[in-house]
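J.: Counting in the working numbering, the sequence shown runs from 373 upward without gaps.
The set of hints was computed from the structure by calculation and includes no laboratory data.
Predicted, not measured: the structure shown is a model, and the values here were computed from it.
Errors might be hidden in some of the hints.
What the hints assert, rightly or not - Lysine to aspartate or glutamate pairs mimicking EDC-like chemistry, simulated, CA-CA at most 16 Å apart:
hint: 1; residue 1: LYS429; residue 2: GLU525
hint: 2; residue 1: LYS429; residue 2: GLU518
hint: 3; residue 1: LYS492; residue 2: GLU552
hint: 4; residue 1: LYS462; residue 2: GLU525
hint: 5; residue 1: LYS492; residue 2: GLU435
hint: 6; residue 1: LYS462; residue 2: GLU516
hint: 7; residue 1: LYS462; residue 2: ASP376
hint: 8; residue 1: LYS489; residue 2: GLU435
hint: 9; residue 1: LYS462; residue 2: GLU518
hint: 10; residue 1: LYS429; residue 2: GLU516
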Amino acid sequence: MGWDWAVAGISDDIPRTTGPECINYMTDRRRWMETILLSTLFIFIMHRSWQRLQPIKLPPLPEIQKPHSPTRLFFLIALSMIFGIEMGFKLSGQSMIFALNPCHVQSCLQIFLLAAKPTKTTTALFRIQMSNLNGPFLAFLFPEVEGRTYPFEQATYWIQHALLYIIPIYIIRSGAYTVEDLSEFHWSHIGTAFMLFYHFVLLSPLSIGTSHPTYSDIHD
373 MGWDWAVAGI SDDIPRTTGP ECINYMTDRR RWMETILLST LFIFIMHRSW
423 QRLQPIKLPP LPEIQKPHSP TRLFFLIALS MIFGIEMGFK LSGQSMIFAL
473 NPCHVQSCLQ IFLLAAKPTK TTTALFRIQM SNLNGPFLAF LFPEVEGRTY
523 PFEQATYWIQ HALLYIIPIY IIRSGAYTVE DLSEFHWSHI GTAFMLFYHF
573 VLLSPLSIGT SHPTYSDIHD
């Protein structure tokens, strides 16, 4: 089937991944209602917070123009390699749908931030992703590693999520990007609302589509 590469490797043998308890925990109608109502709320929060943002201050021009340090290149290569290995596991295990996991999206964003020069756009992206570091924190508290059976696959899980915390600390200390003042919460509102918006606009409809018999019968 056309979706085999994305979902064929997901089976009932892996706890909390698929099965009736995942598919039937609420009706599709309720899912769509929640998606529409909450997505509208998140758009309102992002729009309102964006209008109240303080201007972004960039580092001095010499800081922007200087070449990347060896440490920054090391983190760029390390995260790129770990992410590439992780995607290789997803392809070989026919579970590429998990590439949409928010932590994988955040890994892509951090790779871009490590490679890019400081601008107002990249600074905004950096501040937004800082508000979503609760994802790696939850991954450490509640690890989902039962389905990781390939050699080194569980290690990539821990290394990737550790780098998602180490890299922002390094970036801030290096002076490449700055964070907002402690009294300004608008960036936090935008970052949190955007991640929830991502869940409801992309992940929720995708879960509805892949739970239909057309896709779920590949596990029968």
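J.: So which hints don't hold here, by number, going up?
T.: Violated: hints 1, 2, 10.
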